[in-house]
Amino acid sequence: MDEKPTRRVALKVLGATLGAAAFERALSPLRELSEITSVGDFMQKHYRELSRDEMNAVLRRLEDETQQRYGREVTIRDVRPTEGVQFAYALNLSVCIGCRRCADACHVENNHDRPTHQSYIRVLEMTSGSMDMEQGNTGYDHTVPAEGKFYMPVQCQQCENPPCTKVCPVEATWQEPDGIVVVDYNWCIGCRYCEAACPYHARRFNWHKPEIPAAEINPDQSYLSNRIRPQGVVEKCTFCLHRTREGRLPACLEACPTGARVFGNVLDPNSDIRWVLENKRVFVLKEELGTRPRFFYFFDV
Amino acid sequence: MAHSGVPHHLSYPRFLLKVLDRATDGTWRFYAWMFVLTAIALVGANTWAWQVARGMAVTAMSDHVSWGLYIANFTFAVGLAAGGVMMVIPAYLYHDEDMHDVVIIGELLSVAAIVMALGFVVVDLGRPDRFWHMIPGLGKFHWPVSMLTWDVIVLNGYLAINLHVCGYLVYTRYRGERPDPRWYLPFVFLSIIWAISIHTVTAFLYSGLGGRPFWNSALLAPRFLASAFVTGPAFIILSLQLVRRFTAFKVPEGAIRRLLDILRVAALVNLFMLAAELFTHFYTGGHHAAAVRYLWLGMHGHHELVPWMWTSITLNLGAVAVLLTPSLRERRVVINTALVAIFAAVWIEKGMGLIVPGFVPSTLHELVPYAPSIAEWKVTAGVWALGLMVFTVALKVGLQAMTGELRAPGAQADLAVEEKEVA
Amino acid sequence: MLPIACEDPAGYADRSRRFADVPAGDGSRHAITVHRPASLSGIVGTEQTPQGQPVEVSCATCHEVLRPPPELPASARTLGGPHSGLRFEHGSNECRSCHDPERYDRLRLASGESVPMTDALRLCAQCHGTQHRDWLHGAHGGMNGHWDLTRGPRLRNHCVDCHDPHAPAFPRFRPMPPPPDAPRRRADHG
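Residue numbers (my numbering), protein chains in the order written: chain A, 1 to 301; chain B, 1001 to 1423; chain C, 2001 to 2190.
This is chain A alone, in the form it adopts within the complex (with noise of 0.2 Å):
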């Protein structure tokens, strides 16, 4: 009787042993989560709970971080909204000639995934008389403009009343006062609830670690926009805040060889936005769903 339950523990401690030991190996592969995050990284405070001190060490750590995951030194700053700016953009679908030209500076302007040729902008090719995207197509391989068509690209419309800011769990997205809507990387947990939110296809997820050579990287980054984004978090369109922060043009309407975009602080009266939204009849995509886009479409004539 007392050899029994001896023996029968001595088994399930052998037992337990063994199959701790076999858990222990099919957990192995986490000791690559060294290449994708850090403590520092585990650490840190949400984008909006940092004091400047704090921001700065985080930068800091980003750029030490990219030095050494992909052998470049960048600078990577805090770009914050200027007061009484209200960002709008228009574009001009008479003009559109669908060369994907904004969609590549997007592609390098924003570090994006070399292998998937990543871009927050997909253009359109739609039939001329109808704004049926069902009858749209973005894999079109021709010369452009083709004849009965016309070209419409799509990116973040940087809704004033956005789903995508409403349904994430930990707040990793957000408006900011001059109507960007940005993602905090480092706080996103990539449950791509926003992704399925967002009537626009204007997010992405970054499947895997992006890969871009070292040459190619733009070495101008900020935290909210196109700094190198990690594995396993959401990004999406910030109408370049690093540059349009700081008064410059984004790089999606500065390839645009036709000039059909027209960018600008909206609650300025005297801006090239302000003229086209008063003297173009602009439209929004998919305004029966309230998102009140501030991105607007129109037509020359």
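Wrong hints could be hidden among the right ones.
[As the list claims (entries may be wrong)] Here are the computed distance ranges between Cβ atoms for each label pair:
#1 B:Trp1377 - A:Glu32: 16 to 24 Å
#2 C:Ser2111 - A:Met131: 41 to 49 Å
#3 A:Glu32 - B:Asn1216: 34 to 42 Å
[To be verified] Reference excerpt, derived from the structure (chain A facing chain B, CB under 8 Å, subset only):
#4 Ala20
#5 Ala21
#6 Ser28
#7 Thr37
#8 Arg122
#9 Leu124
#10 Val167
#11 Pro169
#12 Tyr193
#13 Pro199
#14 Arg204
#15 His208
#16 Gln231
#17 Phe299
Think of the hints as simulated: they come from the structure by calculation, not from any bench. Treat the numbers as computed from the prediction; the structure is a model and nothing was measured. Idealized CB from N, CA, C, for every residue including glycine.
Dock chains B and C against the given chain A, drawing on the hints supplied.
For chains B and C alone, coordinates are given in the frame of chain A:
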């Protein structure tokens, strides 16, 4: 009524040790079953570890279909957890004696199903290492605005309620004491409402998104509940028969009959709601019907989900036909086959047939198909294995407490007579 | 949005971080510069300097000297000399519609005023008023530089940078490659 007389701070640790002892004790069948489940769980854990290290590119998800097999199974598991409560209503609201004896099995299923649901959420996260960001106070908990935060509260709350009720009942029986109704009855009644809420909130996660017309329907939450009340009872009926076969626990036939009654009604309601959805989409046509058309008929040359859906509806209708045929009522094998069939049918309908078409076509009307990768199947199997392990161990311990096998030294064994008086 | 008492949706713990530290400006605005296309100042020939640079010949080199100016040909196809091979597709216009018949290296506005070639923008604007109006407001022709002229300058394209005045239709060309995850159809390739 005899107490074991030992104070709780001494008796509870002993109880836990005894539970651990009993949880790891059994026949060769038990060990074989747990070994297989452990092996599957380890494969799943390993695949998940690779997914965390190398990124979710090991799955077949994309920026077009950004939720897939994991969230499909999450949704299904929440339904299973809600369905467990279908035993509680007849037992406590209608004083069904037969059901009262077995209601703990439903509650234990809820525990295991919630563990699975939470497991599926964790494996779907891009950065599970940042889990602490969700803890109120420590991180940033976006309640009450984000529906996901509501889901976190209701799911964990439901787990806590069921753990408390089951834990309390098992612990008091271990001590040979009569359970005090004040300590568990309020929680039981709370669990009824709470079970409705967990699946309603989960449905609201999807139905509130204007950008996803396939989900943006008032009927989504009711459909979820109807299908939950199919899968829960189906699983429990099958489990009850296994309990009869492999343990000393007496399962009254009345409990099974009552569950079958509930299942029949729920299955018919579920089918009716499905018909209502199909009519609304196909009759109206237009964009709203794009996802439904893709799902059932294929679109633009893509038919990936069509075989799934037609299999699901065939199994569903076949199972319902069997369950409604009076002459087949005593043919246990046929009934069990029908239960397995309807369980599978709802798994397809609620999983692949709900989550994936929400993303196809995309918000820009691009049709990018999705089929889960091997890695996703492995991780999913691992989480199911974990859930089944929890359920097996919980049942083992729980039922041993009910039959009197799990007793503290010196505690009274048979409490059956006294319990009937209480209820 | 559900009402949440006492919560600033974009609240910053360190309020000094909410906005940028903007130095007080003097209100001055930077310049908008319009690009000067080389093709308005002369012709780029096939010859090269000893340093390998293409030789640019100003219009005046020939047109100052040739008196009287040669006869305008019936069609642009028969132009010779440095202008051979000129492609002309500008609606129902003729050479004289834009070029000053006394001085082919100058342009003539609708009023009869002769302007240098570098003033071509005024001429284009006379017929293409709507495009010119859009261009003035940044809605046509693109730009580089700053949207905020208090912080930096802006460079604009000249009409001629994109539109060859003799065949002004915007050229058609191959686009950048489609996104790899776009659904592809047979009709995509042209």
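Evaluated hints:
Look at Trp1377 (chain B) against Glu32 (chain A): about 22 Å separates their beta carbons, and that is inside 16 to 24 Å. In this structure, Ser2111 (chain C) and Met131 (chain A) meet the distance hint of 41 to 49 Å, their C-beta atoms being roughly 43 Å apart. Range check, Glu32 (chain A) to Asn1216 (chain B): Cβ separation about 40 Å, and the 34 to 42 Å hint holds. Because the beta carbon of Ala20 (chain A) sits about 11 Å from the nearest beta carbon in chain B, more than 8 Å, this interface hint is broken.
The beta carbon of Ala21 (chain A) is not positioned within 8 Å of any beta carbon in chain B (closest approach about 11 Å), and the interface hint is therefore violated. Here the hint on Ser28 (chain A) is kept, as its CB sits about 7 Å from the closest CB of chain B, short of 8 Å. Of the supplied interface hints, the one on Thr37 (chain A) holds, with its beta-carbon coming within about 6 Å of a beta-carbon of chain B, less than 8 Å. About 6 Å separates the beta-carbon of Arg122 (chain A) from the nearest beta-carbon of chain B, less than 8 Å, and the hint is met.
Checking Leu124 (chain A) against chain B: minimum C-beta separation of about 7 Å stays under 8 Å; hint holds. Taken as an interface hint, Val167 (chain A) checks out: its beta carbon lies about 5 Å from the nearest beta carbon of chain B, inside 8 Å. At about 4 Å, the closest approach between the beta carbon of Pro169 (chain A) and any beta carbon in chain B falls short of 8 Å, and the interface hint on this residue holds. Hint status for Tyr193 (chain A) relative to chain B: holds, with the closest Cβ pair at about 6 Å, below 8 Å.
Evaluation of the Pro199 (chain A) hint against chain B yields a held restraint, the C-beta minimum of about 3 Å falling below 8 Å. Taking 8 Å as the C-beta cut-off, the interface hint given for Arg204 (chain A) holds, the closest approach to chain B being about 5 Å. Taking 8 Å as the C-beta cut-off, the interface hint given for His208 (chain A) holds, the closest approach to chain B being about 3 Å. Taking 8 Å as the C-beta contact cut-off toward chain B, the hint placing Gln231 (chain A) at the interface holds, the least distance being around 5 Å.
Interface hint at Phe299 (chain A): violated, since its Cβ lies 20 Å from the closest Cβ of chain B, which is beyond the 8 Å cut-off.
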